[in-house]
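One line per chain: the protein sequences are A and P, in this order. Position one of the first sequence corresponds to residue 1 (full-length UniProt numbering), numbered consecutively onward. Position one of the second sequence corresponds to residue 1 (full-length UniProt numbering), numbered consecutively onward.
These are computed hints drawn from the structure, not numbers from a lab. Keep in mind that the hints are not guaranteed to be accurate.
[To be verified] Here are some, though not all, of the chain P residues that point toward chain A, as calculated from beta-carbon distances under 8 Å:
id, residue
1, Y71
2, P73
3, K238
4, A242
5, V255
6, M258
7, E265
8, Q266
9, G269
10, L273
11, K279
12, R282
13, M283
14, D290
15, A326
Beta carbons are placed, not taken as given, at the ideal position from N, Cα and C, and that holds for glycine.
Here are the chains, one letter per residue:
Number of protein chains: 2
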Amino acid sequence: MGEGEEVGNKQILLRDFVSGFPKESDMALNRSNTIQLKVPEGSKAVLVKNLYLSCDPYMRSRMRKPDAPSYIPPFTPASVITGYGVAKVLDSGHPDFKEGDLIWGMTGWEEYSLITATEALFKIHYTDVPLSYYTGVLGMPGMTAYAGFYEICSPKKGEYVFVSAASGAVGQLVGQFAKLLGCYVVGSAGTNEKVDLLKNKFGFDEAFNYKDETNLDVALKRYFPEGIDIYFENVGGKMLDAVLLNMRLHGRIAVCGMISQYNLEQPEGLHNLFSIIAKRIRMEGFLVVDYYHLYPKFLDLVRQYIKGGKIVYVEDKAEGLESGPAALIGLFTGKNVGKQVVVVAHE
Amino acid sequence: MGEGEEVGNKQILLRDFVSGFPKESDMALNRSNTIQLKVPEGSKAVLVKNLYLSCDPYMRSRMRKPDAPSYIPPFTPASVITGYGVAKVLDSGHPDFKEGDLIWGMTGWEEYSLITATEALFKIHYTDVPLSYYTGVLGMPGMTAYAGFYEICSPKKGEYVFVSAASGAVGQLVGQFAKLLGCYVVGSAGTNEKVDLLKNKFGFDEAFNYKDETNLDVALKRYFPEGIDIYFENVGGKMLDAVLLNMRLHGRIAVCGMISQYNLEQPEGLHNLFSIIAKRIRMEGFLVVDYYHLYPKFLDLVRQYIKGGKIVYVEDKAEGLESGPAALIGLFTGKNVGKQVVVVAHE
């Protein structure tokens, strides 16, 4: 294609704000959009071809009317969805980027994107791992696991660690970090297939299917007869309430997400907060954006772990931009096994 | 009276475990008990005459069947209630204590106590303040305010601080510490008299009567249009839920108590925990027992503040051991104005 050529640019749009459980039909494929494959004269933007898009639970909060507390602005109805992705630079008006560069960061759910917020892009220097890893284990979810576990949980060798949504992009890595440190690690997930993965692929000491448990308190007491030192919270609701009853003295809860609550009109009530006093628990919410200064350190560590076979990583790839809405919604029913990625183009 | 004389020793007993709201009749005055005013031969105990007894909210949890999470053992039904107090040593089998010493620490709700757990006693060296202060501003509640504010809240000059149950033994001191540091401080309380006290005696910037507010979220937005950096939590329930909606980024919540929940069969549900992520809040429970190593530092600081008139302190004194049950129960209806003390003897 010639420079500056105008091409078709399929997009996934959010039709309107969503309350309750999101459906595929809340999103739409726009086939009629076009884009010029050149950065406008004088602009410092970059023009990229999107390769991999990341499906992340936090995106649910951007589909919601901006009435609930959130930390990022909502999507714009009838506009393209945005999210983390891996892309290749086709043209650049910014001195830090040039044609052919690979980047990861905030892009659009479309074939090509003109990105003006270049400060949120990371250049990819290492291509000895699959590029899609930069939507997961080497990208935002990986950094989330790293910051949450090492910076918030204050982990020590031998401690008892519980991870919910443990086979997801963040959870699988948290569990492996904890194992590498010498902790006892249990994960919960929502299918037996994921439980198998946790025990047999990711090396968790134990794992259970929370949907098979009628009483989460009893389940946790079975796996943690001496209680939990560290809880890495991804789900919220009833699981958090049960965990609070099972924390050990001076336990720590890193609150990363509460995916079980995102589609409820009114979040479930938590009743066991008094444990925070009785057990002297520290419960701390965090966002990965506060920790990106640690990215180079994280990248060095995790690349070595991956190359040394000390960390394994499972992705669930949906092929084609058109598969994006179903893939995103699948997160909330737990359809994905491992990190959910949408493959827009292979290069 | 002669050494080793046997004397009458009135006691307050807990009749049986209490569920729901405690009543005076859950306790009983035992007039028939006697005690020998001498430590048994070979014992390392101390025999004390109790002067002041402290009424503290945590005592409610010791009246409950040991089914809920707690950090201290329950009282023994049909036995004397124990708690913090100030007492005078009449006889000692322990080398660290001698007749005439004044102490504060765990004693019994009775005229005289034989204390075997002497490791939990503090010797009183300074009598240039009222002795009853060692049940409050210079004792456990004071240390609680000090540890919670300085060690848990990570306070900085100019921050916005909210204290609930602010006229209580702990709250009044937290607010004054925060003012001395240069914070903006608002307190809540349950009567207009207490609100006046907060504003006109303790120097809070603002105060409000939570019982006059139909919507605590609206009330907090009125006093904290820019949000709350530090919440010193004494009450739990609806107030905590409203505070969560009004925290600022990187806010801190020191969870000291949840008095609104102690008499409920089932604690109220909290719905706004997601704010912990959105606002990156650190919420941390603590118990004063973990911080007693700081007591000498605390004592130096607060004695100087008191002598310099920089900290004021309000007590609510009930006269006579017989008044103990009503005084203790009054805590849960907010009857007390300031720190509730029971005067057993003036010396």
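Okay, the hints, checked on the actual structure:
no. : hint : in the structure
1   : Y71  : holds, 5 Å
2   : P73  : violated, 12 Å
3   : K238 : violated, 11 Å
4   : A242 : violated, 12 Å
5   : V255 : holds, 5 Å
6   : M258 : holds, 6 Å
7   : E265 : violated, 11 Å
8   : Q266 : holds, 6 Å
9   : G269 : holds, 2 Å
10  : L273 : holds, 6 Å
11  : K279 : holds, 7 Å
12  : R282 : holds, 4 Å
13  : M283 : holds, 5 Å
14  : D290 : holds, 7 Å
15  : A326 : violated, 26 Å
In the structure shown, a violation is registered for the earlier hints numbered 2, 3, 4, 7 and 15, in ascending order.
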